[in-house]
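Here are the chains, one letter per residue:
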Amino acid sequence: MAGSDVITRAAPDTVKILIAGGFGVGKTTMVGSVSEIAPLRTEEPLTAAGLGVDDLDGIEEKRATTVALDFGRITIGSDLVLYLFGTPGQQRFWFMWNDLALGALGAVVLIDVRRPETSFAAIDFFERRGIPFVVGVNGFYGDHPYPPDEIREALALPDHVQVLLCDARERDSSRDVLIALIDQLIAVAVHTGAAPRTDK
Amino acid sequence: MSGGDTDGRLVRLFALTGGRTRPSRADFTLITTVTAVDPPPTWATRPQPEHQRILRRCAEPIAVAELAALLDLPVSVVVIMLCDLLESGRITARAPHPVSCQPEDLDLLQKVRDGLGRL
Ligand SMILES: Nc1nc2c(ncn2[C@@H]2O[C@H](COP(=O)(O)OP(=O)(O)OP(=O)(O)O)[C@@H](O)[C@H]2O)c(=O)[nH]1
Ligand SMILES: [Mg+2]
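Protein chains in written order, with this note's numbering: chain G, 1 to 200; chain Z, 1001 to 1119.
Don't read these hints as lab results, they were simulated from the structure.
There could be a bad hint or two in this list.
What the hints assert, rightly or not - Partial chain G-side listing against chain Z, Cβ under 10 Å, derived: (1) D70; (2) L105; (3) A156; (4) D172; (5) I179.
Claimed, not checked - So, partial list: chain G residues that the calculated Cβ filter (under 10 Å) puts toward chain Z: (6) E36; (7) I37; (8) E44; (9) T66; (10) L80; (11) V81; (12) L100; (13) L165; (14) H191.
What you are looking at is a predicted structure, and each value in this text was computed from that prediction instead of being measured.
Every residue gets a Cβ at the ideal spot worked out from N, C-alpha and C, and that includes glycine.
Construct the entire structure; sequences and hints are all you get.
Following this line, the structure appears as C-alpha cells:
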C-alpha cells in the first residue's frame, strides 16, 4: 500500500475465522469463550453497509437500521493475530456474510442441537461458496442426545466436514472446534500440494 | 440498537466524513491493520479533531474492526477517515494475510494451530 517505505512498528499479520449459524445458536458465546478480550461490537447503519434505503422495504422494523457485528481476538504470536467474527444470525442480515467471508480461513457453523434446522442455511452458504467449514453442535445444557455421525447424516454433510460436539460456553471446547477447522485446512493444503511435505 | 436516535446519529456520522458514504479506496478490510506514522511527514497538514482521535488509537498497530469498536463508530465511517489519513501519509496500512489452502499456506496454518494449542 501507499507509504510502504515508511517504517513504523511492524504490524502483525492478521487472519480471521467466521463463527456462523442460525439465530441464537451461541455464536457470540463461542467468540467470547475463546477470545483474549471481551467480544467487541460494532454497529453498522444499513444504508452505509451498501444497502439503499429503498431496499429496507419488507424489513418490518425500519427504525432498527443498524446491524451489529461482534468479534474477538486471539494473539497467536507477536507477528500473527487471529480474529473471530460472529456473523449476524438473523436471515435478513445475510447480505453482510459475503463481505465477512472474503479472505476468511474458514468457518465454524454452530448448530443448536434442539433446533438444527436453523443452521441449514448457513451450511448451504459455505458449501455453495466452497469455503471450508466444520460443524459445531452446541449442546445447550450440556446435552448431546445425538452422536456426530447421526448429525452428519441428518445434515447430509460430506465426509471431510468434521462434526464436533461442543459447549460454546467452554473455552477448551470452543478451542477444540477451532483446532479441528485448522486441521481440516491443513489437510486440504497438504492434499493440494500433492507432494508430501518434507521440509522443516 | 434502541433505534430511537438512529436518524440523528446517521446525520452526525456522515458529518464526520463530510457527507461521503463511500471510501476513496476499496482495499480496507475489517482486519487490515493500521499504524500511525510517527513522526508525521513534514508535508502533512494538521489533522481534523476526528482524525486526531483515530491517530491516537493507532499509535500501535490496530485492526480496522477494533478501531471502529473502540471509537464506537461504524466500520464504514472509520474506513472513509482512514483513507484520508492514508492519503495524507499519516498512517500505514497492512492488508490481511491472503489464504487459499495452498501448500504455501501450511506454515501459517501450522502456526495458527500451534497457537490455539497453547490456549
Ligand atoms: N445453556 C446454554 N446456554 C447457551 C449456550 N450457548 C449459548 N447460550 C445462551 O444462549 C443465548 C444465545 O447465545 P448467543 O451466543 O447470544 O447466540 P448468537 O448465535 O450470538 O445469537 P445471535 O447473534 O442473536 O444470532 C444466550 O443467552 C447464551 O447465554 C450453551 O451451550 N448452553
Ligand atoms: Mg450474536
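If any of the earlier hints don't hold here, list their numbers in rising order. 3 and 13
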